[in-house]
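J.: What follows is each chain in one-letter form.
There are 2 protein chains.
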Amino acid sequence: MNNDIIARRAVTVADVARAAQVSKATAARALGGYGSVSAAVTQRVLETARRLDYRPNELARTMATGRSGTIGVIIGDIENPFFGLAVRGISDLAAEAGFDVILSNSSETLAAEQSATRVFLTKRVDGLIVAPATMHDGAHLKDALAQGCPLVLLDRDVPGLPVDVAFIDDQAAAREATDLLLASGHRRLAYITATSASDTRYYGSEQIALTTVQNRIAGFLEAATAAGLTESERQIRLGASTTTRSQAILLELLRQPDRPTAVLSSDSKIALEVFRAARALGLRVPQDLSLITFDDADWTSAVSPTVTVVSQPSYQLGHTAARMLIDRISGDTVAPRRCVLETALINRESVSVWPALHVKNRL
Amino acid sequence: MNNDIIARRAVTVADVARAAQVSKATAARALGGYGSVSAAVTQRVLETARRLDYRPNELARTMATGRSGTIGVIIGDIENPFFGLAVRGISDLAAEAGFDVILSNSSETLAAEQSATRVFLTKRVDGLIVAPATMHDGAHLKDALAQGCPLVLLDRDVPGLPVDVAFIDDQAAAREATDLLLASGHRRLAYITATSASDTRYYGSEQIALTTVQNRIAGFLEAATAAGLTESERQIRLGASTTTRSQAILLELLRQPDRPTAVLSSDSKIALEVFRAARALGLRVPQDLSLITFDDADWTSAVSPTVTVVSQPSYQLGHTAARMLIDRISGDTVAPRRCVLETALINRESVSVWPALHVKNRL
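Sequences listed follow chains A and B, in order.
Numbering-wise, the first sequence is residues 1 to 363 according to the UniProt record's numbering.
Numbering-wise, the second sequence is residues 1 to 363 according to the UniProt record's numbering.
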């Protein structure tokens with residue numbers, strides 16, 4: 001099928017230089033992303049390289065630039081669509097810049113993330129993008145920095161770590177979503193997250209290992225408090241990380257005498273479980289239960305009713321993280337940057353005015 | 001949070017040996033997976049290692065065994081839930097056996113797969129699991145084998161490549177699903193796949209680069225022919241790889257004067273687009289359009305109607321591929337194995353009897 005391409009002599013930097021009408025040294029600089037080349041020339045060289053299907057020779061590149069041309073990415077959960085889209089954003093930018101991407105899935109555990117960091121350092125990646133499984137232990141990430149490996153955090157921060165971060169304003173996004181539920185008349189609101197903790201009940205932010213979740217809960221509580229609600233902490237649930245756990249949490253939550261009438265879900269996997277659990281309990285969305293979730297996952301606009309979401313710029317987060325990392329790999333030494341990208345509340349059909357008529361208040 | 005673990009002295013092979021009450025040499029053999037150790041002792045040593053949170057020293061292990069303890073996995077599409085679950089299966093088995101997993105996403109392109117193979121060989125992985133983007137070019141995979149890197153194919157075969165394969169019987173699975181549609185009275189059936197081709201129309205199996213898709217189409221056509229249908233090839237569509245392309249294909253297909261009354265979808269991403277397109281056209285599932293899809297993705301049982309699926313053992317496919325690879329890494333030299341795992345047709349609500357009453361036959 002592609003034998004014609006394979007059989008062809010490999011395209012060299014000299015070929016690219018000739019076709020782009022620049023010197024070989026200029027082409028090498030543009031392709032390697034080092035030294036001084038104008039943006040226009042860089043663009044011309046990269047386009048020519050793409051057109052000719054130029055593939056850098058790994059060994060030659062490592063010798064010329066001291067780099068292997070590889071970025072290591074550690075994601076939290078390969079089964080969460082948020083990360084699938086973020087990885088596409090990383091990979092697209094990396095490919096443009098001539099870097100290969102290798103991935104590791106931490107399953108949101110610190111041990112796996114530490115192991116992956118060690119593996120990537122052993123494999124001599126040029127830089128790391130990490131969605132850290134916990135904000136409470138960054139020793140392995142500090143080690144990577146100490147070894148000279150550039151690092152960018154994706155989605156989550158590790159306070160005290162002097163690195164670039166690409167994330168959203170989780171607190172403002174959660175506050176905006178909660179405000180929509182409050183404006184619709186809801187007074188008993190639940191917040192559900194997959195983040196692990198020793199208990200499914202919430203006692204305070206020190207239980208939480210992810211800055212995203214801490215900030216979302218802060219936004220949820222801030223909105224609730226501003227609306228005069230005083231016991232909203234009691235309706236926060238942690239550890240909805242598997243179908244079984246999510247279902248147990250939801251059944252417990254929705255079978256309370258004063259059950260929540262609206263749920264804010266921390267990711268789209270949980271929202272799908274809310275959807276199922278509501279059906280299993282005979283609760284209609286949105287008449288009996290309103291729902292908003294973080295992440296505009298594909299299915300949220302295919303189910304009936306469609307689900308109101310906080311859309312995160314997942315692709316752009318990945319793209320931005322990769323951009324910052326490649327800047328660092330190229331020698332950029334500006335102070336750590338904190339890139340906050342915009343979210344959008346997409347109002348669909350899963351939020352209804354409360355109290356509704358003919359509603360199931362108790363189960 | 002985990003500072004107590006971090007601060008502890010690293011657990012050594014000697015510690016594991018002492019706790020498991022075996023000699024250090026025996027513990028090293030069991031942990032390294034080499035030499036002769038009984039199954040019972042191996043199990044005791046591995047359990048002890050797990051309990052003590054033993055982490056092998058990378059350098060020491062490479063020196064002792066010639067291995068780096070890393071498996072490279074190249075998946076087709078990180079955004080397809082099939083691969084998310086397969087990677088979990090691979091990772092669980094690999095972790096048990098003391099291997100780290102690093103991933104690469106080919107986006108179903110040969111060039112990216114070739115690049116990833118080269119990167120993984122440069123990074124000296126101990127073995128490769130690949131879901132090949134095409135059956136027509138295995139030169140890079142043959143190279144890997146020639147360099148002594150064990151290889152297992154996941155989900156798809158490359159004819160002529162003498163390696164282990166973990167897959168399903170795609171032809172039988174597609175035939176069974178098609179038979180269900182035929183038994184419900186449908187006579188105009190469509191098959192839609194994401195696999196790329198120069199045209200969205202189907203002219204013959206030589207257009208198709210994936211054995212899975214070739215075999216599924218063969219099963220689809222076999223069932224249709226056995227039922228006396230003669231023009232089913234005309235209702236096969238290729239290249240539904242993005243939302244935009246899927247929608248264009250579906251609109252064209254469903255706006256035909258003799259539109260299909262049932263669709264068999266090659267993966268769950270396409271099925272979601274069928275669901276959306278049907279709604280956009282005002283077609284009700286299943287009254288106006290029946291649907292079966294490969295892959296029991298989460299959302300298929302949450303939408304209304306729930307979707308009838310061919311459930312693939314994705315997790316088990318990954319697990320089996322990893323098992324075979326680690327056998328090979330450990331020196332297993334039996335002839336290449338072809339592991340065919342069972343699928344299950346899960347009959348839900350998206351298939352209706354045809355012709356139905358009050359149906360939209362034309363748009």
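Think of the hints as simulated: they come from the structure by calculation, not from any bench.
You may find that some hints are simply not true.
Heads up, incomplete: computed chain A residues facing chain B, CB under 7 Å, no partners named [what the hints assert, rightly or not]:
(1) Ile-78
(2) Glu-96
(3) Asp-100
(4) Leu-121
(5) Leu-341
(6) Leu-345
Nothing here was measured: the structure is a model prediction, and the numbers come from that model.
Positions of the beta carbon are idealized from the N, C-alpha and C atoms, including for glycine.
J.: Which earlier hints turn out false for this structure, listed by number in ascending order?
T.: 2, 4, 5, 6
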